[in-house]
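Q: All chains, please: the whole structure from these sequences, using the hints.
Taken in order, these protein sequences are the chains called A and B.
For the first sequence, the numbering used here gives the first residue as 1, with consecutive numbering after it.
For the second sequence, the numbering used here gives the first residue as 1001, with consecutive numbering after it.
Just so you know, the hints here were simulated from the structure itself, not pulled from any lab data.
Wrong hints could be hidden among the right ones.
Distance condition first, Cα-Cα at most 30 Å in a straight line; then the derived DSSO-like pairs of lysine-lysine [what the hints assert, rightly or not]:
#: 1; chain 1: A; residue 1: Lys151; chain 2: B; residue 2: Lys1149
#: 2; chain 1: A; residue 1: Lys546; chain 2: A; residue 2: Lys448
#: 3; chain 1: A; residue 1: Lys151; chain 2: B; residue 2: Lys1166
#: 4; chain 1: B; residue 1: Lys1118; chain 2: B; residue 2: Lys1073
#: 5; chain 1: A; residue 1: Lys60; chain 2: A; residue 2: Lys215
#: 6; chain 1: B; residue 1: Lys1092; chain 2: B; residue 2: Lys1068
#: 7; chain 1: A; residue 1: Lys215; chain 2: A; residue 2: Lys151
#: 8; chain 1: B; residue 1: Lys1092; chain 2: B; residue 2: Lys1073
#: 9; chain 1: A; residue 1: Lys60; chain 2: A; residue 2: Lys262
#: 10; chain 1: A; residue 1: Lys262; chain 2: B; residue 2: Lys1243
#: 11; chain 1: A; residue 1: Lys312; chain 2: A; residue 2: Lys215
#: 12; chain 1: B; residue 1: Lys1342; chain 2: A; residue 2: Lys151
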Amino acid sequence: MKFGLAFRFTLLLAVIGVLAAGSTGYYAYHVSRGMLVDSAKDELLTATSVLAQRIVQSRKEASSNLQILGGYPDAIAELEHPDRAREQEIATLFSLMMKANPGYYEMRLIAAADHGMERVRIDRDGDRLLRVTGDELQEKGHYPYVYETLKLSAGMTYMSRIAINHEQGAHSGQDRPTVQLATPVVDRQGVTLGVVVINVDLNGMFAMLSADLPKEYLLFMANSNGDYLIHPDPSQTFGFDRGRRILVQDEFPATADVVQGKADHVLIEARAGRYANSPVVAAFIGQVVQVASPEHRIILGLAQPLPAVLAKSDLLGSTTLRMVLAICLVCIVLAVLLARAVTRPLNSMIAIVQNFPDGHRAEGLPVERNDEIGGLARSFNDMRTQISRQMADLKQSRLELEHQAQHDALTGLPNRALFDDRIKKALAAAQRDNTRLAVMFIDVDRFKPINDNLGHAVGDLLLMEFASRIRHAIRDADTAARFGGDEFVILLRNIQDPGDALNVAEKIRLAVNQAFDCEGHMLVVSASIGIALYPEHGADTIELSKHADEAMYQAKEQGRNRVVLFEHPSDTP
Amino acid sequence: MIRFFRRLCIFPLLLVAVFPIAALAGETLRVLAWPGYADADLVRAFEQRTGARVEVTLIDSDDVMWQKISRNKAADFDVFAVNTAELQRYIKQGLVVPIDTGAIHNLATQVARFHDLKAIPGLVHDGAVYAIPYTYSDMGLIYDRNQVKTPPDSITSLWDPRYSGKVLAYNGSTHNFSLAALSLGRANPFHIADKDWPLMTRRLIALRRNVLTFYTEPSESVDLFMGQHVALLFANYGTQQLKLLREAGANVGYVIPREGALAWLDCWAITRSAHNRALAEAWIDYLLEQAPSMALVNRQGLASTTTPSPDYRPGDRLIWLQPVEDVDRRSHLWERILSGYKFEKVMAQ
Chain A
1 MKFGLAFRFT
11 LLLAVIGVLA
21 AGSTGYYAYH
31 VSRGMLVDSA
41 KDELLTATSV
51 LAQRIVQSRK
61 EASSNLQILG
71 GYPDAIAELE
81 HPDRAREQEI
91 ATLFSLMMKA
101 NPGYYEMRLI
111 AAADHGMERV
121 RIDRDGDRLL
131 RVTGDELQEK
141 GHYPYVYETL
151 KLSAGMTYMS
161 RIAINHEQGA
171 HSGQDRPTVQ
181 LATPVVDRQG
191 VTLGVVVINV
201 DLNGMFAMLS
211 ADLPKEYLLF
221 MANSNGDYLI
231 HPDPSQTFGF
241 DRGRRILVQD
251 EFPATADVVQ
261 GKADHVLIEA
271 RAGRYANSPV
281 VAAFIGQVVQ
291 VASPEHRIIL
301 GLAQPLPAVL
311 AKSDLLGSTT
321 LRMVLAICLV
331 CIVLAVLLAR
341 AVTRPLNSMI
351 AIVQNFPDGH
361 RAEGLPVERN
371 DEIGGLARSF
381 NDMRTQISRQ
391 MADLKQSRLE
401 LEHQAQHDAL
411 TGLPNRALFD
421 DRIKKALAAA
431 QRDNTRLAVM
441 FIDVDRFKPI
451 NDNLGHAVGD
461 LLLMEFASRI
471 RHAIRDADTA
481 ARFGGDEFVI
491 LLRNIQDPGD
501 ALNVAEKIRL
511 AVNQAFDCEG
521 HMLVVSASIG
531 IALYPEHGAD
541 TIELSKHADE
551 AMYQAKEQGR
561 NRVVLFEHPS
571 DTP
Chain B
1001 MIRFFRRLCI
1011 FPLLLVAVFP
1021 IAALAGETLR
1031 VLAWPGYADA
1041 DLVRAFEQRT
1051 GARVEVTLID
1061 SDDVMWQKIS
1071 RNKAADFDVF
1081 AVNTAELQRY
1091 IKQGLVVPID
1101 TGAIHNLATQ
1111 VARFHDLKAI
1121 PGLVHDGAVY
1131 AIPYTYSDMG
1141 LIYDRNQVKT
1151 PPDSITSLWD
1161 PRYSGKVLAY
1171 NGSTHNFSLA
1181 ALSLGRANPF
1191 HIADKDWPLM
1201 TRRLIALRRN
1211 VLTFYTEPSE
1221 SVDLFMGQHV
1231 ALLFANYGTQ
1241 QLKLLREAGA
1251 NVGYVIPREG
1261 ALAWLDCWAI
1271 TRSAHNRALA
1281 EAWIDYLLEQ
1291 APSMALVNRQ
1301 GLASTTTPSP
1311 DYRPGDRLIW
1321 LQPVEDVDRR
1331 SHLWERILSG
1341 YKFEKVMAQ
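A: This is the structure we're talking about:
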């Protein structure tokens, strides 16, 4: 399959246009998509920071509750001198605080003495608050929230590890994710008598954290070692409690820096493992725990499914795609137009070139253009002019040759060949139209002596004048020809009767009888004329010529300078 | 040089040993082991020597090991490493077969403690040896040399009021009851007589009252030891913990108390469906050589049965772990003890 220049030109321009538009569109889409992802990460980071602040706020609220209790005179007095009435008052206070704070599982006043014996304890047990007394009270001295808190100064807060609470008899708080917040109870002399402990329900806090988040957000929380505490898949949490560590840095390797404290936040696009099919963007921050605690920091993370982030980008993508398609379309149209603008003058030149042999004019060639096409047109026009001229010369030469071939060089009269052609045509016409024609043979009487005596030049002049007089004596439609020497032949077409032919012959004979001035020689000559008529004296050229010739010889025999109409021998009386 | 000549002397022996090994080429040995027992370089060396191929599968818990071996009646593995206590159920189920100790030439290189296999509970049944000791870890006492001038020589030191609040014990029910039994002079700590439960419970409550706290992880014990001025530590993870503490810069000593130290002993056993017992025995024999033994000590911080440890005194008694009388009962009581209940309340349920 062959493609024209216009097609190829269009294709090339269209491809360039489409590529340019497509790549620009893709780049714009890619960059915007990256910006969307980045902005989603920033939003996640902000949201995560807000969550972290909320946790800090909760902890601070608990700390201020603890501070009140740590300096509470009844608590000090109780630890110095246990007293049932005081215990009741403290229990009431604990109950009030727990009512106000549904996230508290348990509140306790624990003595430094008696191996960390619980003195006052309120447990949450389902919907009710339960005061634990007597044998149900336990010795807690070997728990870090007791022995570590006892070392703190008044007013300071201790935060335990976040773990599953396996302490028996803890009612609602048992086997639940828990963090203990505690503060020492210090008397006026600065002696630490015991601790006040609040067990905070982490499920409650986790629920609170998740509550305000958009549904598609995934919440993660890990302890300072990276062990998951909150994970969208609950089976991934508190793995260490089941003897199996499940670490955030294993799932999101980039969080290792946050776990190790090398970075305070990290932004992630996760596509591996669990997220191979549903990639997420995520922000993780390491919130430093500002109170005494084995948990140096809490790792908090929020993730958002990438498709949700990219939903906007998909919109952008489809808009970009539409724009790219529109631009491509425009490019194609422009390419077609441009290609046509270039190829149209070429095509018109091709048409002109194709018509050149017929048309002599080169109208439409864009010679006035100043560009390459104009140059090409001008060159072509010059070439065309040159060729036209040469063609005209050629034609002229041909016509002359043709004339020479059909005419007598001396007199300019048609020669035998042309005469034969004309008589054939005239015979055909006469036959068809049922008309009459005449053939005359004319011979100059006694021409040879003139030629011999006065020279060929004079003879030639005479013949020329003779021919001229014959020509003037006949109609334009008739033909006078010279057969050579002093023999002339005349074809008269469309004559009515033999008289017409005789009249013309007589007219010629008289015209010839006038004297000829040939280079000073006044010559008087005569002519013998024989006439044969169609159809009376012959049906074809040969017969007519033969009979006209016979008639002419008859005229010579009868004494020259006369006209003889052929007569069939049978016609002779 | 001396070592070189020694090697020359045993060269004919080696020839004898190598000859049957040549018949092992092309065989495949399927090994089930704990991490660190069959490192790639050690496996490669064995493969090059025997021409056999070794497929190692690693497990990280006794339960998983039991699942893998007992499924398909041990048809999936040839040789595996199991501790003496766990070994018993494999023997009872007929999943393991006696080992030809004559084929394990390196038994002779093991330290004296392992020479009499009958003395190690659970290895020998009806005169047949079912497992070859490979590595072990004992649960001695680690003490701070700065605070404890005289090395403690008894488990009862854990209850010593002088170290009140400076003792670290392990949060594990089975071992803690065994410890309590040892501290009270019971001969078999793995079997507590019915009448002894209240006594043992009181003993552990007393321990609770004397300790700073109970740890779970080795790293946790190191953090507590370094951060809480701990004087005495029950080393559930043995020399591994000792190594960690020394690396952390602690000036610590390690003793096996006179009552003996609980110790787990991992042994290699051959399954009933081992394709080529000679290959399995060659594997066990190979692991008792110098290079694999040193890899255990240097890479894993574990004790090798062929390498004497500088931390042991002659006559130190190791009490190889055995199945205990009632795991659930120990666990139930321990959880209540740990929670801080008083004796009556612990025993109430």
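Q: Which hint numbers doesn't this structure obey?
A: Hint check: 7 fails alone, others pass.
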